[in-house]
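Student: Each chain, written out:
Protein chains: 2
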Amino acid sequence: MQPAERRTNVSEAVLAAMRQTNALFDSEVVGKKNIEALDRVYTANARILPPGAPMVEGRPAIKAFWKQAIAAMGATSAKLATVNAESAGEGVVEIGRADILAGGQTVTVKYVVHWKQEDGAWKWDLDIWNLNE
Amino acid sequence: MQPAERRTNVSEAVLAAMRQTNALFDSEVVGKKNIEALDRVYTANARILPPGAPMVEGRPAIKAFWKQAIAAMGATSAKLATVNAESAGEGVVEIGRADILAGGQTVTVKYVVHWKQEDGAWKWDLDIWNLNE
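Chain order of the listed sequences is A and B. If you read the first sequence in the working numbering, its first letter stands for residue -8, the second for the next number, and so on. If you read the second sequence in the working numbering, its first letter stands for residue -8, the second for the next number, and so on.
Treat each hint with caution, since some may be false.
In this list, chains with the same sequence are indistinguishable; a pair is considered to hold if it fits within one copy or across any two.
Only pairs whose alpha carbons sit at most 25 Å apart, straight line, appear in this in silico SDA-like list of lysine to any residue [claimed, not checked]:
id, residue 1, residue 2
1, K54, R88
2, K58, I91
3, K54, G80
4, K58, N123
5, K54, T97
6, K23, Q11
7, K54, V100
No lab work stands behind these hints, which were simulated from the structure alone.
Kindly produce the complete structure, drawing on both the sequences and the hints.
Tutor: The following block contains the structure:
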């Protein structure tokens, strides 16, 4: 997936806030296994649609999912990069790419996140991903 | 995935137009292998993020993808149902469920579609999916 044709109409300030949230997921959640930091990553009513599992609704259930998934994968970092970001009303629809380091191997994931503002921060309200292979 | 907590704030007229597009995909594209009907399903600059393949951009490439994928699966129908639809600016962000009949078996897919209006019709501008198992 090439980050070629960006159709970004999102301000640099919002993109920077998004990068901050993504960095939290990488360093705090995946890096330090600080699952409670997901409070600052997902909205309270967020939903995730993981491959290989049914939809998971609400932050407590999402925390339980990631706690288990990060341990099962042995993930130590997750570098997220925006491929395309588009304003959509009060939110942003993002296409992204994640490089997850787990057990010495890098797994590349593509995803769509519907971002919303909550408590002044930009967070993931809807998150779905899959693998290229 | 239970269609329980719907947070729909989309008008019944738009939901009906969405059902019409979804029905086209089922009856024309998957049912009759009329790949050209994808003109009425996807926007011209749509992107799809299929599991097991890189992102596909633009309607011609998307047509080639589905022609191959429908044949490879032996799919004969694809029943799409909206689980949640939310207005997002001029578009709609939908969580949905697809039951795809292929070779006597039903494969259940969950998806997120970012809908936009094009030429007076509601179409898929961004489409990502994965399987529960």
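Student: Which numbered hints are broken by the structure, listed smallest first?
Tutor: 3
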